[in-house]
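Using the sequences plus the hints, can you model the full thing?
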Amino acid sequence: MSCDNNQHIKIGIIGFGAFGQLIARHLNPYFQLYAYDSVADLEQTERIHGVTLTSMEQVAQCNIVILATPVATLDRVVAMIAPHLRPGALVLDVGSVKVGPADIMQRGLPMHVDIVATHPLFGPQSARDGIAGLKIAVCPVRGTKFRRVAAFLKKHLALDVIVTTPEDHDREAAMVQGLTHLIAKVLVQMEPLPTRMTTKSFDLMMQAVGMVRHDAPEVFQAIERANPYAPKVRKHFFALADRINEELDHQSRRPSSLDDMQPILNENTAKLLNMADAYPK
Numbered sequence: 001m002s003c004d005n006n007q008h009i010k011i012g013i014i015g016f017g018a019f020g021q022l023i024a025r026h027l028n029p030y031f032q033l034y035a036y037d038s039v040a041d042l043e044q045t046e047r048i049h050g051v052t053l054t055s056m057e058q059v060a061q062c063n064i065v066i067l068a069t070p071v072a073t074l075d076r077v078v079a080m081i082a083p084h085l086r087p088g089a090l091v092l093d094v095g096s097v098k099v100g101p102a103d104i105m106q107r108g109l110p111m112h113v114d115i116v117a118t119h120p121l122f123g124p125q126s127a128r129d130g131i132a133g134l135k136i137a138v139c140p141v142r143g144t145k146f147r148r149v150a151a152f153l154k155k156h157l158a159l160d161v162i163v164t165t166p167e168d169h170d171r172e173a174a175m176v177q178g179l180t181h182l183i184a185k186v187l188v189q190m191e192p193l194p195t196r197m198t199t200k201s202f203d204l205m206m207q208a209v210g211m212v213r214h215d216a217p218e219v220f221q222a223i224e225r226a227n228p229y230a231p232k233v234r235k236h237f238f239a240l241a242d243r244i245n246e247e248l249d250h251q252s253r254r255p256s257s258l259d260d261m262q263p264i265l266n267e268n269t270a271k272l273l274n275m276a277d278a279y280p281k
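Position one of the sequence shown corresponds to residue 1 (the UniProt record's numbering), numbered consecutively onward.
A portion of the hints provided could be inaccurate.
With a cut-off of at most 25 Å between alpha-carbon atoms, the simulated SDA-like pairs for lysine to any residue come out as follows [claimed, not checked]: (1) K10 <-> M56; (2) K185 <-> L204; (3) K10 <-> R25; (4) K155 <-> V39; (5) K10 <-> G130; (6) K155 <-> Q125; (7) K135 <-> M56; (8) K135 <-> T180; (9) K10 <-> L85; (10) K200 <-> S126; (11) K185 <-> L85; (12) K10 <-> Q58; (13) K185 <-> K155; (14) K10 <-> P70; (15) K154 <-> A18.
FYI, nobody ran anything at the bench for these hints, they're computed from the structure.
Below is the structure:
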């Protein structure tokens, strides 16, 4: 993947939805691209992105195979492509979680292929103005080709490459993505929200919501359910939210003015007078 002579390298993309098409748009200048998707009628998309639509078997025989399918279907896809992969091929995934997919690929793919688990930390919405400077996590799973992958992503796509482990990725993503998508989900369900008298911080928050609003439902499910660290983060978040809510409720029950305090003052005054009467003269 040195890129000076990459035009003879064939990349196969399995899953040609919004993210698969984003991949094709940025890799098209460097490689011969082939794609498979179970959804028919993608001819116009094929022409736009310069991709040859073909069978899954043909895509699996490319030099590099990118799995751009939902995390929930990854085990099935791996089982389908495994018999067709060439020795020395490189297989990557692009899902939002890494521990599970890395394990699925390592167990299900033949030993004669290299495996790299990746997670582009952006989507079609956040990448609409380009991907230069955006982040991507690269997790080596099997073999050494991850170094060439990282070098290509840095040099030719200008991505900020973070080489990490699947475990470290999911641990951080549970907080970074898990909370972002969770809060966005709640805010979307609270709509309509104000648009006139808004603050800068509110506007920025709604921009973040806009970046994930149109993500496919399976993306949210993967982030919240397939990440082994997400449940603990959610539990901690809601526990803190409940505690703050209780503190606010408790504070709202405290007397806030002299009028509110008058009954308490009267009661305490009466107690003092009774104590004074009982005290020996």
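Okay, the hints, checked on the actual structure:
1. K10 <-> M56: holds, 14 Å
2. K185 <-> L204: The given pair, whose Cα atoms are some 16 Å apart, holds under the 25 Å limit.
3. K10 <-> R25: holds, 15 Å
4. K155 <-> V39: Status violated; Cα separation ~33 Å.
5. K10 <-> G130: Given that 25 Å is the threshold and the Cα spacing comes to 23 Å, the pair holds.
6. K155 <-> Q125: holds, 23 Å
7. K135 <-> M56: Given that 25 Å is the threshold and the Cα spacing comes to 29 Å, the pair is violated.
8. K135 <-> T180: Roughly 16 Å separates the two Cα atoms, so the pair holds.
9. K10 <-> L85: Holds, at about 13 Å.
10. K200 <-> S126: Measuring from Cα to Cα gives roughly 19 Å; hence the hint holds.
11. K185 <-> L85: The given pair, whose Cα atoms are some 39 Å apart, is violated under the 25 Å limit.
12. K10 <-> Q58: Distance of about 11 Å is within 25 Å: holds.
13. K185 <-> K155: With a Cα-Cα distance of about 36 Å, the restraint between K185 and K155 is violated, given a limit of 25 Å.
14. K10 <-> P70: holds, 23 Å
15. K154 <-> A18: holds, 23 Å
In this structure, the earlier hints numbered 4, 7, 11 and 13 are contradicted, and the remaining ones agree with it.
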